Structures are given as C-alpha cells and as structure tokens.
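Peer 1: Quick note, the sequences are listed as chains A and B, same order. Counting with my numbering, you get residues 1 to 429 for the letters of the first sequence. Counting with my numbering, you get residues 1 to 429 for the letters of the second sequence.
If you are wondering where the hints come from, they were derived from the structure by calculation, not from laboratory data. Just so we're clear, the structure is a prediction, and the values are computed from it rather than from any experiment. Careful, some of the hints might be misleading.
Which copy is meant is left open, because identical chains are indistinguishable; a pair holds if it fits in one copy or across any two.
Below, in silico cross-link-like pairs of lysine-lysine (BS3-like), each with a Cα-Cα straight-line distance of 30 Å or less [claimed, not checked]:
hint	residue 1	residue 2
1	Lys101	Lys240
2	Lys217	Lys8
3	Lys279	Lys410
4	Lys217	Lys195
5	Lys279	Lys112
6	Lys52	Lys35
7	Lys112	Lys240
So the chains spell out like this:
2 protein chains.
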Amino acid sequence: MTEADTMKTLAARAKTDSPGLAASSIETRNLALKKVAELLSHHREDIFTANKADLAASEREGLPLPIIKRLRFDEHKLTEVVDGIQSLLSLPDPLFQTLLKRELDSDLLLEKVTCPIGVIGVIFESRPDALVQIASLCIKSGNCAILKGGSEAVHTNRILFDLIYEAGITAGLPKGFLTLAETRADINALLDCDKDIDLLIPRGSNSFVRYIMDNSKIPVLGHADGICHIYCDASCDVDKAIPIILDAKTQYVAACNAVETLLVHENAAEKLLPLLSCKAAAAGVKLLGDPSASSFIACEPAQELDWRTEYLDLILSVKIVADLEEAVIHINRYGSHHTDSILTEDAAAAERFMLLVDSAGVYHNCSTRFADGFRYGFGAEVGISTSKIHARGPVGLDGLVTYKYKLHGKGQTVGPYASGECSFHFRDL
Amino acid sequence: MTEADTMKTLAARAKTDSPGLAASSIETRNLALKKVAELLSHHREDIFTANKADLAASEREGLPLPIIKRLRFDEHKLTEVVDGIQSLLSLPDPLFQTLLKRELDSDLLLEKVTCPIGVIGVIFESRPDALVQIASLCIKSGNCAILKGGSEAVHTNRILFDLIYEAGITAGLPKGFLTLAETRADINALLDCDKDIDLLIPRGSNSFVRYIMDNSKIPVLGHADGICHIYCDASCDVDKAIPIILDAKTQYVAACNAVETLLVHENAAEKLLPLLSCKAAAAGVKLLGDPSASSFIACEPAQELDWRTEYLDLILSVKIVADLEEAVIHINRYGSHHTDSILTEDAAAAERFMLLVDSAGVYHNCSTRFADGFRYGFGAEVGISTSKIHARGPVGLDGLVTYKYKLHGKGQTVGPYASGECSFHFRDL
Numbered sequence: 001m002t003e004a005d006t007m008k009t010l011a012a013r014a015k016t017d018s019p020g021l022a023a024s025s026i027e028t029r030n031l032a033l034k035k036v037a038e039l040l041s042h043h044r045e046d047i048f049t050a051n052k053a054d055l056a057a058s059e060r061e062g063l064p065l066p067i068i069k070r071l072r073f074d075e076h077k078l079t080e081v082v083d084g085i086q087s088l089l090s091l092p093d094p095l096f097q098t099l100l101k102r103e104l105d106s107d108l109l110l111e112k113v114t115c116p117i118g119v120i121g122v123i124f125e126s127r128p129d130a131l132v133q134i135a136s137l138c139i140k141s142g143n144c145a146i147l148k149g150g151s152e153a154v155h156t157n158r159i160l161f162d163l164i165y166e167a168g169i170t171a172g173l174p175k176g177f178l179t180l181a182e183t184r185a186d187i188n189a190l191l192d193c194d195k196d197i198d199l200l201i202p203r204g205s206n207s208f209v210r211y212i213m214d215n216s217k218i219p220v221l222g223h224a225d226g227i228c229h230i231y232c233d234a235s236c237d238v239d240k241a242i243p244i245i246l247d248a249k250t251q252y253v254a255a256c257n258a259v260e261t262l263l264v265h266e267n268a269a270e271k272l273l274p275l276l277s278c279k280a281a282a283a284g285v286k287l288l289g290d291p292s293a294s295s296f297i298a299c300e301p302a303q304e305l306d307w308r309t310e311y312l313d314l315i316l317s318v319k320i321v322a323d324l325e326e327a328v329i330h331i332n333r334y335g336s337h338h339t340d341s342i343l344t345e346d347a348a349a350a351e352r353f354m355l356l357v358d359s360a361g362v363y364h365n366c367s368t369r370f371a372d373g374f375r376y377g378f379g380a381e382v383g384i385s386t387s388k389i390h391a392r393g394p395v396g397l398d399g400l401v402t403y404k405y406k407l408h409g410k411g412q413t414v415g416p417y418a419s420g421e422c423s424f425h426f427r428d429l
Numbered sequence: 001m002t003e004a005d006t007m008k009t010l011a012a013r014a015k016t017d018s019p020g021l022a023a024s025s026i027e028t029r030n031l032a033l034k035k036v037a038e039l040l041s042h043h044r045e046d047i048f049t050a051n052k053a054d055l056a057a058s059e060r061e062g063l064p065l066p067i068i069k070r071l072r073f074d075e076h077k078l079t080e081v082v083d084g085i086q087s088l089l090s091l092p093d094p095l096f097q098t099l100l101k102r103e104l105d106s107d108l109l110l111e112k113v114t115c116p117i118g119v120i121g122v123i124f125e126s127r128p129d130a131l132v133q134i135a136s137l138c139i140k141s142g143n144c145a146i147l148k149g150g151s152e153a154v155h156t157n158r159i160l161f162d163l164i165y166e167a168g169i170t171a172g173l174p175k176g177f178l179t180l181a182e183t184r185a186d187i188n189a190l191l192d193c194d195k196d197i198d199l200l201i202p203r204g205s206n207s208f209v210r211y212i213m214d215n216s217k218i219p220v221l222g223h224a225d226g227i228c229h230i231y232c233d234a235s236c237d238v239d240k241a242i243p244i245i246l247d248a249k250t251q252y253v254a255a256c257n258a259v260e261t262l263l264v265h266e267n268a269a270e271k272l273l274p275l276l277s278c279k280a281a282a283a284g285v286k287l288l289g290d291p292s293a294s295s296f297i298a299c300e301p302a303q304e305l306d307w308r309t310e311y312l313d314l315i316l317s318v319k320i321v322a323d324l325e326e327a328v329i330h331i332n333r334y335g336s337h338h339t340d341s342i343l344t345e346d347a348a349a350a351e352r353f354m355l356l357v358d359s360a361g362v363y364h365n366c367s368t369r370f371a372d373g374f375r376y377g378f379g380a381e382v383g384i385s386t387s388k389i390h391a392r393g394p395v396g397l398d399g400l401v402t403y404k405y406k407l408h409g410k411g412q413t414v415g416p417y418a419s420g421e422c423s424f425h426f427r428d429l
C-alpha cells in the first residue's frame, strides 16, 4: 500500500466515523476537551523534550530564525493552548441549535438545525500550537479532523497528536475523530480526497495557501493575501490618523491585517504627509509614493506592482486620490477584500465608504489590526476568510458548522399539494 | 476583440458596478422589480412571437420533445413569472440586516451586516422562465447577474433580457446590473472570470452541472446528482409507506428529489414488498432488487452500479438491510446528500436516522418530494444545494447574501490592547 492509499483509507475512516461524532453530546465533546487539557499539562515535560529535538534538528539544518521561533513549544505556549481549551469549554454547544421551526401544514413540521460540516482537513506550517488549537475547535464542533503539520515539527506534532487522540478515545469519541498525516506526499493525497473531506483549512504563507486553493476541488477556508488599506479622507483628524497608520503598519508587521497602502485625499495631503513622513522615519517605516505624493514628501516612487504587494515589512505605499470614489475603486480593484479603514470626521463619508468597499472588514477611525477573532470576542478563531461564500472575515466556531433540514410528517405525499387538493399554511413556531 | 475578451470586459463592468448596486435602497430594487413585471406583461405578444421563432427552429432541428417542452414560454409561463415577481416584492429586504451588534470597548462598535455576494454567473439550459426568475432574485438581493441561456432559446432570452434591462435602468440600477451572454464560447470565458464573478449557479442536467463544477475555480451553488433514499424501518406502517414511496417515485419522475433507492429492514420486507410490487406494477414502476429482495418478490437484479444511479425514470432499486445502521451507512456512502426519508412508527429510530444521515434533508414519514424552496415557504428558490459550505438544501434569497463587519472607532489602535494597557469588554447590544 502506498502512502497515498494509506491517506485515502484514513480519510475514508474519518468520513465513516463523522456521523457518530456529529451525534455525540456536548457533554462527551466537553469531556474530551477537559481530558486534552489534563493530558497536555500532565505530559508537559515529554512535549518539551520532543520539541527540543525538533528545535535542535532545525538549527542543525540551518532553518530560518522565524521558522525556528514559530516552532518553539514551551511553558508559555502550553499555558496559551490550555487557556484556549478552557475558553472553548465555556462556549455554548454550536450543534443542535434550531435556526428555524416552521409548520408547513398540520402535522408537517420543518426544522433547520445546526450540525458539523463533517471532515475538516487542516494543513499548517511549523507552529505546533496550531495543531492543538484546531483539533480542539474540531472536537467542540463535532468535526473529524485530519491534521498535517510541518515536517520540522514532526516530534512535537506526534506527541501532541498522541495525547489529544488518547484524550478523545478515553472520552468516547469514535476512532476516526482525529488523524495525523506526516509525510509530504500526504498533502497531495489529502487534496485529492474530495469525496471524504468537506473543507480544507490551510494555515501558512500566502504561497502555501495559494497552492492549496489552486490544487484541490475541496472548498478552502482562509485567505492568501492581506492587502489592507487606510484611506485618509479630506476631513480626517491628523492627530488620530498618524497613530492609527503607525499602529496598523508596525504593531505586528507580518500580520495579514497590517496596512500595506495608504490612500490620501488631495485636500488632506498637505496637513498629513509631512508629519507622517517624519513619524514614519522615526518608526523605521519606508514610504513609497506615487508622483503626486512625492510633491509633498521626499520618498522613493511606488510602481503599479506596489498596489498589489503585501509587503509584510516596514514599507508603506502612498497614493493621492481626488475623492472618496477614487479611493473605493482603488481598494476594490487592488485590495484582497480583507480589511480597509477610512479615517474621517465626516460621518456621511464614513458610511458611504463602509457601504461601497467590498471587504470582509470596513472600519471607521480605527486600526485595521482589529480584524481578529479574539478581538471580535469570538473566543476562538478558525482563521480569517476573504471568501464571500460560507464564512467571511474572522471565523469562529460558526465557520465549522452547517445545518440540515428535518421534516417530520405523518404520511404526507406531495401529490395532493401539487394538484391543489391540499395547501401549505406556513406558520413559524 | 475576441468573444472571450468581450465577456471578460462585461464581467469586469459587472464587478465595478456591483458596489453601487449593493448600496441601492430596497425602494429602488423593488421599483425595478415592479417595472420588470409591467414591461413583461405589456410586451407579452412580442415575447410569445420570439418564443414561437425559437420553438419553430427547435422543431426544424429535431430537438428532443422534453427540451422543446421546457423551451415554451406562453401565457401560463408569463403568469407564473409575474406571480413570482409579486411574491418577491412582498419579501423583506435581505440586505442591511444587522446580524450582530457588539461593543468591543467604549466607543468601539462592531456590527455584522448582510450585503450582496457581488456578481453571480447563472448558466442555464433551455427554460427561458429561469432567466426571469434568477434575474429577479438577483435584483432583489442587490447582486449583479451575468446570464447565459441555452442557444435554442436565443430569441426568447434576448427579448426577456432587453425588457428586464430596460426596467432596471429606468428604475436607476447601474449599467452592469445585468449582462446577457449569448455564445457557447461565452460559457468557458465565464468559467475563467474568477476575479470578477463571486458565485456560479448552473441550472440543467447532471452532466452539465458537473462540467461547470469541474471547470471553474469559482464557487458553485447547486447539485449534480439527486440520489434520494427511502428507508422502511422494522416498525414502518405499510399503509403510509406505499403511498409515500409511489409519490416519491412517480409524482415527478425527473425531479432531483425523486426517490431512486428503497432500503427495507429485513423484518419489514415480508409485509411491505409483495404489496409494493403489486402497486408499483400498476403505476408502471419497475423494481430492481438485491438477492435478498428477490426472495420476497419477482424482480430483475440490482447491480452495484444501481446504488449510484439517478434513474430519473420509473425505476426503483430495492435493498434489504439488517438494521437502521446498515441503512445509514448505505445512504451516506452511495447517496448524494440531498434528501432521505425514514418511514417508521418508532420515534427514537426516526430521531437516530435524522441525526446520522448526512444529507441536506432528513425526513420522517413523508415524501422526499417535499424538498423544494416553495414547499419550505421560502417564497423564491435559487436552487437546491448539496454542498455543506455556504447554503445547503433548498436555497432562497439567503443564499445570495453574505455579510461584512463594520467597526466604528474614535481613533483606537491595537497597541494598547496587545500590551494589556487596555482590554475589551464585549457587550452585545
């Protein structure tokens, strides 16, 4: 049996076991989560030892420092994931929620009830804490999960998986509730399992996510690019604008919700740009400007390609626009429909911007960095979606849930309704 | 300019105009719908004349009778589409609905508000009434639509499009609100417009829908197969079961929600099958049975392939199962996750079946033919989805709507929240 065959067999097992997990009670799923937290805490030293082996191997292989940093799983990370599980425990059951209850006719009752999506494939780079987080979210939402982590975290992922698996089985979850994929060949095998995997969640670099999106028929939840904008309107308050722009650019420069392009109304450029140029230089931020911006400040020229670039670095492209409409057209054309903010004291302009910009997050007078499930109060985050189908923006447990329609009858057939002998009365209960 | 270039230009125009349509008021959108109904009624004779030309051409070309039948647009069809528009007018605005309103901190207000998906590509075979229906749904939900109808309906589609377009423009909708694609080359050009088209809705045969799904990166709303099951449990009431099975098979044999496979508990076979065999023969239904079924009734053998076949014909495959679990495994394995029904007087068995079967519709003691947006009281139907991502089951206006997050601040930056200086208080309003 090849590795691809093994992966297909495991995916089929997950699919077969998914209705059983979907039917499990919230008590069982919460018990599993409690046991996960217990086992991880109890075996902390074994986890740290495994992680040290991965760290040593990565250093020997000379992997880049940011990767080694993300790979670290220490006391601090353990506390974080255990806290995450505790907060998941306190959230209400996302399953068995009645979204609609309607009597179609006497003794013919329609219910729309939430249920899990089924089997979720999660493919992530380096960070082993993501394994715990996503496995916990899937347990809470009754989804079977197939996890593929980065090869540099192989020992850490293996022990984390073993502990979570033991916890789930002890609590009574079906065998297929969690699967670990370990080889690189497994990724392509996973992408092929469109009959058994209902949703893919990739976590990693843009090119990695783009690869997943381009190479599978399975729907993908996530975002490849985060090209976020701030638009300073004619009536923006410079004292608010400068700190917001610097926060959005520098607070965490590698984040998908960091700002990449600043659009400035021509009537705001003179009051804003010289001061921004000064503060940006102090913060180590390099400005690239279109020809018009260059007439207000000294800066290198921005090219057409800059409007499409996610720098993930201390670089900000600046463009002068004639009005709000030009800003909106630029954002809808070059942006990634992630999060865009208008800075203005004109409430009507703000409302118009928020209506016309076609992004998951449209903000007024605040930093784009607020786009985050925890900051929205979702308690847990699956990821951020720039798709408009299914879930959009920061996605909590809701994004792992769908619904089914249950129709309870007493022997009804469609014939009499089609002929007009019977008719529906549609009464919401 | 090639046809593909033209299509891409038109799709880009739709994308550019979509924020304007998204911002339009319900008054404007309803006015457009009223004008559509008026213009169609006023120009009825022109429509019928165009349709007669299409019918004559199709007859000359010797197209199959079912296609010619679907192509007909007469007084009856006109009344139907105008009634459909009237019922759409009475539905509340699906846009600008607040789904969540949460104060993250003082003066930092998060709102989750419904908005259109953007640009919808609709590709349908033959039926010109589908053009009116889908264009109306898109107007109501503020989505730009690109319509591609069957070539055999070219004259009818053209006049329907012209009238709807005139109505929309008169009411003040943007130019790109509606686009007609007319050539076969346009289909492949449409499938390539993944930057400008947000969702595809194909309406037609299984192979047609499958082709669309397999040849585009754009998300697809719809279903290729409708392999629906009825499971007769040990304690089923034969007097209810026979009429339900016959209704589900014969009431409209070409429907996606017609039953294709009957699963019978071994303890119910003796009381059910001989009577069913007799009634089925009278109704012109041919039964195919597995070896065990053949021991109760005379029937041709069902092969493995039968369990995966959507007959769309007066044929029903029959399999005997040992228990409810075997029925569930069969349905989840061979079915298309559309609609499946259990017939039983045992409430616990019904609940278990409805929990474990992974389908958009799970029914108890009624016909699978109830799976339909009108019968669910949705007022209008976009289609039926067997996907678990986005919309599932019969889809009404809801399926054409997504949401965006609006965040209203007073100058807030993330820095102080990340450092612990500030904290969120999350208060739902």
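Peer 1: For each hint given before, does the structure comply? Return the numbers of the non-compliant ones in rising order.
Peer 2: 5
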